[in-house]
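Q: One-letter residues, chain by chain:
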Amino acid sequence: MIAGRSKSGNAFVHLAVLLLVIVWTAPTAGLLISSLRAKDLLSVSGWWTALTATQQSQVGRAAGPEAQVEENGRYFIRGNVFEGAAAGTVNAFGVKIGDPRAFKAGETADLPSGGTIKVNADGSYEIASDKKFEGTRGQRIFYVAALPPKFTFANYVEVLSTAGIGQSFVNSLTVTIPATIIPVLIAAYAAYALAWMKFPGRALILSLVVGLLVVPLQMSLIPLLRMYNNVGLFFGVPAKTYLGIWLAHTGFGLPLAIYLLRNYMAGLPREVMESARVDGATDFDIFLKIVLPLSLPALASFAIFQFLWVWNDLLVALVFLGAQNDQLVLTGRLVNLLGSRGGNWEILTASAFVTIVVPLIVFLSLQRFLVRGLLAGSVKG
Amino acid sequence: MERVASALITVIIGVGGAILYFYLSNLLLDTIFSARGKGPEAARNQKIAATIRPWLFLGPALIALCLYLVYPLVDSIRLSLFNRTGETFVGLQNYAWAVNDTQFRESVFNNILWLLVVPATATFLGLVIAFLTDRIWWGNIAKTLIFMPMAISFVGASVIWKFIYDYRSEGSTQIGLLNAMVQGFGIAPQAWITVPFWNNFFLMVILIWIQTGFAMVILSAALRGIPDETIEAAVIDGANGWQLFFFIMIPQIWGTIAVVWTTITILVLKVFDIVLTMTNGQWQTQVLANLMFDWMFRGGGDFGRGAAIAVCIMLAVIPIMIWNIRRANAEMKGR
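Protein sequence lines, in the order shown, are assigned to chains Y and U.
Here the first sequence is numbered in the working numbering, starting from 1 and rising by one per residue.
Here the second sequence is numbered in the working numbering, starting from 1 and rising by one per residue.
The hints are all genuine.
Pairs of lysine-lysine residues, derived as DSS-like cross-links and limited to a Cα-Cα distance of at most 25 Å, are as follows: (1) Y:K240 to U:K270; (2) U:K47 to Y:K198; (3) Y:K132 to Y:K96; (4) Y:K289 to U:K47; (5) Y:K118 to Y:K96; (6) Y:K118 to Y:K131; (7) Y:K198 to Y:K289; (8) Y:K131 to Y:K96.
The hints are simulated quantities; they were obtained by calculation from the structure and are not laboratory data.
Source: prediction; values computed, not measured.
Hey, can you work out the whole structure from these sequences and the hints?
A: What follows is the structure, given as structure tokens:
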């Protein structure tokens, strides 16, 4: 161990990295915590206060005059402000809208319409008067309550059942799995040919693949959209199908797949292949029985890339797949929800977490392969 | 469930079909040009088979590449010279329109802003984090956590950050982290993504958040690839941590920094999801990719203008493309 590379950085290094880690993880943590909080808490306090009681100004309405009881010549209306709402502790209350903190819990206040009101910390109230209460509506009570922390899966139940996220989850899987496997298979054969077979034009094709690596997707959209529409018209089939998007993702993923796999395969030991050839193995045998098993790490790297890319894709899905309920993928659904339920953070946070949970699991469990693929794709070149 | 089953069946058919194609086509080739037996016939057959076989292996990939990337590339350029339906030739009219269109100009300006800020910031942060995490024992955990946003979709990330930028009117409890902090310092909260010009930077933060992990992973590997002797020599000569970083390590990994930089640059040129999700180009945040998408579908779609915008994005990519091809060719010769 040499000084320049020791693992015993000073306090400043520890602190700096800790700060960076917090900055990088807080956004996701906020999303996860928020999605688990009760709806009425999420909308009134920040997620970083999730573990403490939330102070909230609320309005309640006491029971109407029909609930009054007469005791010793006085009239009383009794009840609890938390009826139907989340239970908590009342800190203060008031009888005017602008001043919900006028009286402490347990104090007695005069009502503008005559009589008195008392609200206790547990939310129970008592309105008293010498006269009989008239009218039809109950007295409004303004109060400040401390709501205890509350965590729930209700948001998830709601988005999976009613917001259409469950359906879209299945759609995303339907798009992603074939769109991951097909390009791996096709690219593996092509990469073998480019790495170990001799034929005219090989260098040209390789240059083509490298060039196509960086071609923006945007260049393909309009011509392909026209082509799909024409094919649909010609054969009388819908233009936006799962088959269409699988093939589109295959085409877009191929340059990287061929490039990564060729680089990996070209690095395999020549002797193995030559001895197999001497034993009479054909290219097909060599590919299936030697090269493919040896290339598994590279295949896994690309498959993870492609999986993440397809699962997270929005643009290709918007263009080549319909927006109907049975075809909308998770990313598309999330964009729609942002439009229609823009302020409902309990829906948005839970939906967003459902859309990112699969890639996160894939990422955390297969990070090794992903890193290897990244390095093969850009450092070795 | 039914849909999952049908998807599974399609996967099996697709994969099985591909395997069958490769197997049968090779079998066919071997039967027609049998290499069995002796004499000039067999030798000739073997030669013919060896000429054809690479193309059997390459066939499906080449067809897909041509159909989905090469043909559209050419066709986009052609369509950019045609009218909205792609039927009438209009020359350079679409480009003339673009140059004079305020939205297009705004997009170009914003794209340049993104290009200046995002690759530089993400690469720099990635480099610093790679350097710092290599010096502490829990560096790998830190790296995983910073790398994690890479797995999150742009749309998901946008929701995450939209929540951070959430705005409530002054005086009420802020549930957005940024406004809560700002209000904590006694400054008035803002609806951040609606403030022209500066809102671009709030959108860029999202991409930087995602891409820093990528830069970090690659640069970390490059830093570790620097020979021990180099570092040792510098330490013996009395270089401290920062000198080591700026004068010894960075010059050694310029090549990798360039690769990371260009990779993020290309990503920035294509940025679409973030803008669509956060603002859809409102409040002067439009970028080329989103503008192109807009024109593709606006009022039934204007393919001419859409294609012209796509060609503009392509033009910006071409220098990087040429550099990549040269680099790859040089490396191939080295093998």
